[in-house]
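Q: Sequence:
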Amino acid sequence: MGLITPDLGLLFWTGLVFVLLLVILTKFIWKPILASVNAREQKISDALELAEKTKAEMHALQAANENLLKEARAERDAIVKDAKETAVKMVEDAKNTAKAEANKIVESARATINTEKTAAIAELKTQVAAISLEIAEKIIRGELSSDEKQKALAEKMAGDINLN
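The sequence shown runs 2 to 165 under this note's numbering.
Hints in this document: simulated from the structure, not taken from any laboratory. In this text, all values refer to a predicted model and were calculated from it rather than measured experimentally.
The calculated EDC-like cross-link candidates involving lysine to aspartate or glutamate, where the alpha carbons are at most 20 Å apart (straight line), are: (1) Lys96 <-> Glu86; (2) Lys90 <-> Glu102; (3) Lys82 <-> Asp94.
Cβ pair distances, simulated, as ranges: (4) Thr27 <-> Thr6: 27 to 33 Å; (5) Thr113 <-> Gly160: 50 to 56 Å; (6) Arg41 <-> Thr15: 32 to 38 Å; (7) Val92 <-> Thr113: 27 to 33 Å; (8) Lys56 <-> Thr15: 52 to 58 Å; (9) Gly160 <-> Ile114: 49 to 55 Å.
Ideal Cβ placement from N, Cα and C applies to all residues, glycine included.
Use the sequences and the hints to build the structure in full.
A: This is the structure:
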């Protein structure tokens, strides 16, 4: 039973060693351990703050990115709309230009046809006049081939003239 009932000296020395060990651990070991734990806790806290800050920045960047995408889409739509309007306008201008050119060609052809028609009519009149003169000359030569016919014609013409 000696082990179960401790002796007063054993209690004293055990208590003294415990207190001494506690003082040594507190003085030399406990402070560095606490400093290390506090430093680690501070690093973790800083890392969490940085993570929150980064998360907030990421949300801000995502919002800015969405805004940029919306602006880019709107700009793209405006450019496409402008390009379509320009294409339609170019087609209309080309149609109008082609129509004007066709009208100009038709008018030019009409003017040319009228000019050629007038020239042809004038030439026909000239030819008709020349042929008429030829025919009249032949008829007159035939009529005036003898002296008697010439006298009869002269008298007839003199009779037709009215002298007032």
